[in-house]
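> Residue-level listing of the chains:
There are 6 protein chains.
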Amino acid sequence: MSTTTTGVRVDGRADNQLRDIKITRNWLDHAEGSVLVEFGKTRVLCAASFTEGVPRWRKGSGQGWVTAEYAMLPRATNTRGDRESVKGKIGGRTHEISRLIGRSLRAVIDTRELGENTIVLDCDVLQADGGTRTAAITGAYVALADAVEFARGKRLLRSGNAKPLRDSVAAVSVGIVGGRPVLDLCYEEDVTAGTDMNIVCTGDGRFVEVQGTAEGTPFDRDELNSLLDLGAAGCAELTLLQQAALA
Amino acid sequence: MSTTTTGVRVDGRADNQLRDIKITRNWLDHAEGSVLVEFGKTRVLCAASFTEGVPRWRKGSGQGWVTAEYAMLPRATNTRGDRESVKGKIGGRTHEISRLIGRSLRAVIDTRELGENTIVLDCDVLQADGGTRTAAITGAYVALADAVEFARGKRLLRSGNAKPLRDSVAAVSVGIVGGRPVLDLCYEEDVTAGTDMNIVCTGDGRFVEVQGTAEGTPFDRDELNSLLDLGAAGCAELTLLQQAALA
Amino acid sequence: MSTTTTGVRVDGRADNQLRDIKITRNWLDHAEGSVLVEFGKTRVLCAASFTEGVPRWRKGSGQGWVTAEYAMLPRATNTRGDRESVKGKIGGRTHEISRLIGRSLRAVIDTRELGENTIVLDCDVLQADGGTRTAAITGAYVALADAVEFARGKRLLRSGNAKPLRDSVAAVSVGIVGGRPVLDLCYEEDVTAGTDMNIVCTGDGRFVEVQGTAEGTPFDRDELNSLLDLGAAGCAELTLLQQAALA
Amino acid sequence: MSTTTTGVRVDGRADNQLRDIKITRNWLDHAEGSVLVEFGKTRVLCAASFTEGVPRWRKGSGQGWVTAEYAMLPRATNTRGDRESVKGKIGGRTHEISRLIGRSLRAVIDTRELGENTIVLDCDVLQADGGTRTAAITGAYVALADAVEFARGKRLLRSGNAKPLRDSVAAVSVGIVGGRPVLDLCYEEDVTAGTDMNIVCTGDGRFVEVQGTAEGTPFDRDELNSLLDLGAAGCAELTLLQQAALA
Amino acid sequence: MSTTTTGVRVDGRADNQLRDIKITRNWLDHAEGSVLVEFGKTRVLCAASFTEGVPRWRKGSGQGWVTAEYAMLPRATNTRGDRESVKGKIGGRTHEISRLIGRSLRAVIDTRELGENTIVLDCDVLQADGGTRTAAITGAYVALADAVEFARGKRLLRSGNAKPLRDSVAAVSVGIVGGRPVLDLCYEEDVTAGTDMNIVCTGDGRFVEVQGTAEGTPFDRDELNSLLDLGAAGCAELTLLQQAALA
Amino acid sequence: MSTTTTGVRVDGRADNQLRDIKITRNWLDHAEGSVLVEFGKTRVLCAASFTEGVPRWRKGSGQGWVTAEYAMLPRATNTRGDRESVKGKIGGRTHEISRLIGRSLRAVIDTRELGENTIVLDCDVLQADGGTRTAAITGAYVALADAVEFARGKRLLRSGNAKPLRDSVAAVSVGIVGGRPVLDLCYEEDVTAGTDMNIVCTGDGRFVEVQGTAEGTPFDRDELNSLLDLGAAGCAELTLLQQAALA
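Protein chains in written order, with the UniProt record's numbering: chain X, 1 to 247; chain R, 1 to 247; chain P, 1 to 247; chain C, 1 to 247; chain E, 1 to 247; chain Z, 1 to 247.
If a hint is listed, it holds; no wrong ones were tucked in.
Which copy is meant is left open, because identical chains are indistinguishable; a pair holds if it fits in one copy or across any two.
Computed list of lysine to any residue pairs in SDA-like fashion (alpha-carbon distance at most 25 Å, straight line): (1) Lys22 <-> Asp190; (2) Lys41 <-> Asp29; (3) Lys59 <-> Val191; (4) Lys154 <-> Pro55; (5) Lys59 <-> Thr79; (6) Lys89 <-> Gly102; (7) Lys22 <-> Leu36; (8) Lys87 <-> Pro55; (9) Lys59 <-> Gly92; (10) Lys87 <-> Arg99; (11) Lys41 <-> Thr51; (12) Lys41 <-> Asn26; (13) Lys41 <-> Gly81; (14) Lys163 <-> Gly62.
It should be emphasised that the hints constitute simulated quantities derived from the structure, not laboratory data.
Generate the whole structure from the sequences, applying the supplied hints.
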């Protein structure tokens, strides 16, 4: 990518530059699809579990189901956090991100083509350095694609030439740091960002989710437009990396 | 408002027309601020509880704290839902909306001016017909303003001429229904919307939150722009209604 | 009513005088029956949800089921209370009152005539000033009656001329305050009452529940008799108000 | 007692006859007071735990605190019930009875004389055959008396001649079975009773709690009076048995 | 038994001497098998509940199921512990012991001979003075044997001459106290033991469970051998006591 | 090691042969010590979190605290398991293993030398193929050693030449499979094992924990001795591998 350096980011990147992205497929032996995805130091293990059948409320519909669960290991972060299993309940942030990942993946899956099967995406953050939800979506798509291929091989889809995946999906964070819109914030940038936005795009460049939050000062329409530009470009890059990984 | 009817909505409104909005202050006798806000049939009771002191993690900071809790009565909806207190845990949606309301209000409060005091906004949906979270934010701001005035009267703010409220905040939903961008969706529209977006704006027209989700088909940049235009205009109208209520 | 003032109550009422009672039917649009009942400042929203079918343990019995859930909004009271949904469990008081309301309503319902249908009464206290459980029972009966009529209109009862309601039911609190038996205690009286009693009566004047508790000094048989007289008379008045509301 | 047989009860007792009552003190080695109380086959282990200090909300008040927890072993009953610890929450009935026992004991304790100390009464039902809550109150009083004497011996009360116990307290159930008021119902009677009432009295014959419930047909004032007579007489008998046990 | 005193234990026993063991059958009226087992002051109530049918996952297997739940009354111990039902969750120790008891009993039951029936063993510690889990296993076996005989009498086993019990099972604790291996530790010994081991043996002297833990200093093979010798001999003695109780 | 093949194991190993063991230090960037330990396909991430201070109950004792939490990712296993955080409670097995790891590590730590500091070991199973608890202990020791060195470097231990680690600790499973004692069972062997034992040894060859369970047939003393021999030898090998990793 062309890098237009208009300032100095904490890790020396250009404002529109992604961190080093690594997508390692088949990191696990048991899962039908599994990816260790890395956005710099952020490391998320995405496991796709394919099972025949659907939840009760969907039985007989002819449609499959895709859902996701996100979680963070206690020492993924700088200081250890309490385990949600020990606390006995899931926090609001965890719930929110699990729902976001599930919605993002469902945006590109044709549940009729999937047949009455379920795919659960477990996205466990092994190490966190900002952007865990966007890394999770980006990696989960690849694991999902592998699980779909697994099912095709086992002739478990709706038909032999079923195409459950209508498109790919990727996600990236953008934000206003030190007054400048930047792409793919690391943790240190994230905590100082005035505005924080997560963009989820399909492979053809349309939006699935746009979630922008003013952490401090509200943002105006121009700033919003800059962030959307930056995010859309970042997702396009990630789409290419997903394609390369799956090639 | 000028209404440009470009189609027929389920309740006969123009695409850019809000439902009937009612803001009833002092609906409760005990709370320091309380508002029954109505967006058509959606009815949310917003109670602001002012207490001196802040949570432990904020003690000695010189700053106050504002937070919110959202909930829905079991029979707010068409069919009765289970109580979260009976289920023993709060669902992801409830968590997510509570967090959104809290963030939105904190965007316009100067916690230093508030002094070491806490204001909790309880937003309980008595009846739901779409747009409960945006109604909650819009009503909660008015209850918050009343609670701040209460505190000023009791000389509990940082100083006699403290101005904890930097601006007002209002919210509205927009979405693409039947292929057309429309404002302030009722429940029947919400379930058929292709894209659903919540916009939270300050009184001066800047954005605090933008949350857009493609329920079915992903949306492109043009559609996104239309929705942002519509939402910003809707928030501006709501701002006037808040001002009138507080006058 | 004739008021025999034998002292001065905190709000100027005679010892045997009820507070202002308001029963507003159809306060909600969705519920099969709904009542906003007010005993002075105490305000309880009672929603009756009618659904066909019964819980599993009652299937095939030919009998319906009526149950109730009571809860209080966090800021119903003078100082904000924690939400039971956030705490993750329902307190003993809530459980106890929910059970009381359910038993009181079942005392006047003929579950065979109801057919295999379920009616759930949600009694949510919007504002509390003493006597919330008795207001809830009094209002819930009216909502229940409306839900039964709804079901009759839809031909969902056991038969066209089924009479599921054998009688009406109403409730009131009585107590010994400042040494004198008084009717329908407000919160300020309740906290100083030596003995506190809740009386639930059918429309024909018989008792469904009698729950008396010595908060401080134990009470003797004469005091008990005075309280029963006062409560029975209060319930008779409430019965007339229920009839008027349903007329 | 003189038995006036006006019918035949399931276990051959007269209508006003208690079951065999046994009060075994010091059933445990560790507790400051402990009683195994038996009302026929109903067997409740009451342990009084004395600890110096009071809960935080009572610190510095100069007053002590007495509370109770009631529970039932899973196989106390005819068919095994699930453990509340395994279910992860306490049922409404358990809460309700725990609160009743606590209130009943606090009615006879002078918390100032107790000094800033806490006594917890654990009432665990080892076998249930009706009347477990009344047996628990009756036994718990004796365990409480022993714990108070323990504290006196250790000079832990407010003063050397402190008298924390103002009176004794006992409880019994009464009900209308087969149309006749009877005393101290066993389980088989309890399930068929038209009205069920629990009476808690002090040693001097006054009432602490009166809780009557119409299970089927509502009851009139005459029936209520009969039940109160029967219950008061039963409590008086139990008071003598408590005195004998403590002698 | 021959006692070889090689030191002085806190309660005067020889190193290889059990405490006074009492096994009281039929302590409860309702349970299909029930035992109050006492190891000195340790007192555990073991109730066996026989029910026809098996958990869902075992249906149609032709095999029965035996499981156990262990719990401790709050005042079983020297200082009162919190109730797990009140805390809303079961602690790790409780879980661990329940699982141990269940495994130990399943080691001697032939689930095919049992037929599709379930036996639940509730082991509730009424008083604790060390060795509660080993007392529970020893007593639960006797209750289990009674429940099996109950089922045989009702012709509920697989066949008339079914033998679900392949052998008996008993358990005892051993440990290194003051440098010497000793049998059946009481609480005072348990807290000072360097190594603590629980041995579960069948009636024919083989091992079902061996669980040894170095509380302080790790133990060597010789010490381990001494403890195994001591535990095996203790179990043999307990086996005889079980046989006597069942005779 | 010399391998004496006396049969054919499922993966071709000799009976006394460990799987391929890999110990990768510093797998995480944030934790004070971190190890990815692999026993064949079993993969456990062990993170040691060092924090100054101790839990409240240990304050002022001059002693530190070491504890552990074990958990399994949902798709660590062949078929996906439910998340304990979603279920809202930790299962008995998880509790049991967490406690075992904590006890094992505390056996080799001198908490006085550690000073009033806490080290938490998080052992998260990324992939499970039998022996997860023994791999966790073996890896956690290495992470613990690194965390201690970290603290030494920061001068946070009791003194400059403090030696909190008295010895190393390692663990391995042994079992009787197909009638033959074998070392370090993989999952396929584990499910068919007649007896299953976990051995935890210090670096000097003494025992910290011995936990043997007869899954089917009880085991005799000879079998027990064979398993102890095999386990002790396996731990000695693992000790050398730990030393090599830390060198």
